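Protein chains: 2
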Amino acid sequence: MPNGVRDVFKSKLVDIEAGEPIIIMNPEDTAELGIREMDRVYVERNGKNLVAIVQESNTMVKSGEVGVILQIQQELDLKENVEIEIKPASRPHSIDFIKRKMDGLELTTDEITSIVKDMANRALSRVDISAYITAVYINGMNMRETKDLTMAMVASGERINFGERDVFDFHSIGGCPGNKVTPIIVPIVAAAGLLMPKTFSRAISSAAGTADIMESICNVTLTSEKIRHITLEIGAVLAWGGAVRLAPVDDMLINVEYGLAVDPHSQVLASIMSKKKAVGAKHLLLDIPTGYGTKAETEDIARKTAKDFIDLGEQIGINVECAVTYGGQPLGRAVGPALEAAEAIAILEGSAGPRSVVEKALSLAGMILEMGGVARNGYDEAQSILKSGRALEKFREIVEAQGGKKNISSSDAPIGKLSKKISADKSGYVNFIDNKSIVKIAREAGAPYDKGAGLVITKKAGHPVEKDELIYTIFAEHEHKLKSAEVLAHRLRPIRVENMVLDHIPTIRKI
Amino acid sequence: MPNGVRDVFKSKLVDIEAGEPIIIMNPEDTAELGIREMDRVYVERNGKNLVAIVQESNTMVKSGEVGVILQIQQELDLKENVEIEIKPASRPHSIDFIKRKMDGLELTTDEITSIVKDMANRALSRVDISAYITAVYINGMNMRETKDLTMAMVASGERINFGERDVFDFHSIGGCPGNKVTPIIVPIVAAAGLLMPKTFSRAISSAAGTADIMESICNVTLTSEKIRHITLEIGAVLAWGGAVRLAPVDDMLINVEYGLAVDPHSQVLASIMSKKKAVGAKHLLLDIPTGYGTKAETEDIARKTAKDFIDLGEQIGINVECAVTYGGQPLGRAVGPALEAAEAIAILEGSAGPRSVVEKALSLAGMILEMGGVARNGYDEAQSILKSGRALEKFREIVEAQGGKKNISSSDAPIGKLSKKISADKSGYVNFIDNKSIVKIAREAGAPYDKGAGLVITKKAGHPVEKDELIYTIFAEHEHKLKSAEVLAHRLRPIRVENMVLDHIPTIRKI
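Just so you know, the sequences run in chain order A and B. FYI, this note's numbering numbers position 19 of the first sequence as 19, with every residue one higher than the one before it. FYI, this note's numbering numbers position 331 of the second sequence as 331, with every residue one higher than the one before it.
Only chain A is shown next, with the shape it has when bound in the complex (with noise of 0.2 Å):
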């Protein structure tokens, strides 16, 4: 290098998109700069700066030529080919608070603050946040972090101001497929009075979630202008959280626990919770399902997660109860997207099947009702409120309302055309369902993606069966995809079929 340090470069505009603010410099230059890739530095160009992380290459470019990735352009309004200047910048010192919880040290609010807002504002790198939870799934959280976590997530992202009245929520935490009970909750709470602005995620790893349901018949995907309107206006609506930033680290996060395949308890309780607090929820109703296959798979499990819901909540001033409830085996008959919207709106048409729908359905409406006090005996008057068409009523107001079909019907679901009828292989029992395979095979079959596609179950868990008899039947919208669910489907064998007597250990005879 001729004429001394460097720190004036070429922009060279990188046609990349990353979860960081990346900057691509060449080896030769950091060398002279005395940085080292994962160093921060400044990025200053007109008077505008940022902070960026390094990563070195020699291929992509020369030295004297600093890569900006098209974050970096848009924020700096960079053009190819100016004068950028790069000086070294400190680390964050909120990497200095993940190593505290490395250390196992308790993070005062400031701490857990600073993490969240470098996170908000992408100063932290994925392996930063890969640290940062998999020190947490370690070393956890106490319930004064998680909540300070909670309210920083909160404090990190958009809120919606419903006024003055109360605003009820529900959630479950997952883990049962065919799990439709929310699009019934949800309008017979409404049209009991109560406001209940219902945002949720999509599906990770199940074959539908309440997002890709109510996707198969209206739009999901609202502003929070728009879900203020419909909410104030009808009572409740049914959105996709994603659509609205409401605490957007979480979906930096889940992305990194989802990639590592771990989920911080302390985590999942602040990544919940703060989409509630984010919403104003005074009372908040939580699902935990258990059994085999959920993700609270014993009742101890359960009744432990809600009593963290339950103290979180009074620390961030949400009234919490929780119904822990049987998800041993996927609910009612239907799963997939349209399918499951099938079989809710059915219900609220009329339909008294399945009975553990309605009877699931009924019960948590019900507590929701009696949270609300706009109930006495909360399971009589949500059955009423469905029996009367109010429910069904409120909930075509809520689709309409959400660009879906007027007068929406359980016959305008838009199920799969191309279906495959699976059938017993033997008499006997239904004596076991696996969760997960039913899920894998609904997904083989396009489920959550084609809204259309999943499985339709005939024979649940205790029924008995004759050989031949249909179990279940599988939806695709593609005929290769419903080959391949079908071969998925008779190498796990999600439905088994046994005798009452599963197996004969003779007396050994003494000779």
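For the record, the hints were derived by calculation from the structure and aren't laboratory data. Treat the hints with caution; some may be incorrect.
Where chains are identical, the list cannot tell them apart; a pair therefore holds if satisfied intra-copy or between any two copies.
Computed cross-link-like contacts, DSBU-like style, restricted to lysine-lysine with a CA-CA straight-line distance of at most 30 Å [claimed, not checked]:
| id | residue 1 | residue 2 |
| --- | --- | --- |
| 1 | LYS48 | LYS483 |
| 2 | LYS99 | LYS79 |
| 3 | LYS62 | LYS483 |
| 4 | LYS87 | LYS436 |
Because the structure is a prediction, the values reported are computed rather than measured.
We have chain A; now place chain B onto it with these hints.
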């Protein structure tokens, strides 16, 4: 998407290098394939395939396109706009093993081997490696795991074989500025007839590593064949380990550790020892500087560190001895690549000082001679080799074999032409020299990148000083770096001059 699932895509070449095998897909296509960011996929073209990690982008690729980065272009021999097949792949098992370490479990040999293999073939992302580092930092590894880790790291890289003769090695764990004993010890040991193929890493946070010192006078980037050849010919080499792939996984780990500013203890042990094992070392002397500002700040930590290296050495067949040395202030006077080279060569040429450097080098060289059974009194033998000029001669052979000047002398070291003298602002004694501030000033002056930059300390701890007397000199190659080092020097005041009475607390008079 009109015609069913699309698993054949058009390649879009993206001029990116990344530490992990990334492909970029449009979110529409990932949803359709039922995958998410961070998921693994098989990328296939003409029968060749590899596993890549998915990143999503709306702007970089349209639906139907897959962005492929440089590594993948090369490995699959891809052109622009050719058909490639993408299929979901499962997560590497090693992520489950990392999870087991998060859960505080002991990992089996196979699990550790699998983690290291997956790092080596880049199946693990930096998010995964960060989780691994954090989990090992928090939950630790026992000696059995550390041994397996070390051996797996050795197996992941190249090994150099020196035949029948015993290989000797020396390593300083660092943290003491000016620690230029290696270029003195190595030729003494080689002159005594022992084999010492010394490899080292570059300075990360220091002002000069042995690589930087030697690079100021000769080439240190040697092939493994060259390292083998020079060592067998001359008895020793002084080579940068980064040029040969000894335990290449280490670079990825160090990169992430550096970002997080953590070094898990067992990882440090494995990192150092795997490189010794890879060159077939039978005997290793470890220098553990202790004192304020070093890596082992107290003697207790130093002794615990020594014990762990000795134990690990026993497990992997290396005879380890340790020297705990005083590192509470810089060793000798020079700090910076060429300045340290000059100081070390002057000692080889017969200079009696700085005495601390001479004494440390002879003590350590002597210990190695005793380990090798070539001397009863190692110190005396080392001293006689030094005095006889045989060490200088050996050093010159090494430098010449590595492409340096024939008959190199201390005056050949390319010391920076610019300098600035720093004087005492009062009379007193030097009562403290802050290692970390010394390093910062040397780095500000340009070290280790500018080989001629650094500083030379005139007054060490305990020395009496008059006001305006010279205490140290800063050297640099560039005017503006000299200036900015001078500014930093006045701010940090690394060499503190005090009267012997530091403070006077008067008796409180009773009234």
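- Query: Are the CA atoms of LYS62 and LYS483 at most 30 Å apart within a copy, between copies, both, or neither?
  - Reply: between (51 Å within a copy, 28 Å between copies)
- Task: Give the relationship of LYS99 and LYS79 under a CA distance limit of 30 Å: within one copy only, between copies only, both, or neither.
- Result: neither (38 Å within a copy, 44 Å between copies)
- With 30 Å as the alpha-carbon cut-off, assign the pair LYS87 and LYS436 to within, between, both or neither. Classified as between: cross-chain Cα gap 21 Å, same-chain 51 Å, threshold 30 Å.
- Query: Is it within a copy, between copies, both, or neither that the alpha carbon of LYS48 lies no farther than 30 Å from that of LYS483?
  - Reply: between (56 Å within a copy, 26 Å between copies)
In summary, the structure is inconsistent with hint 2 from the numbered list given earlier, while agreeing with all the others.
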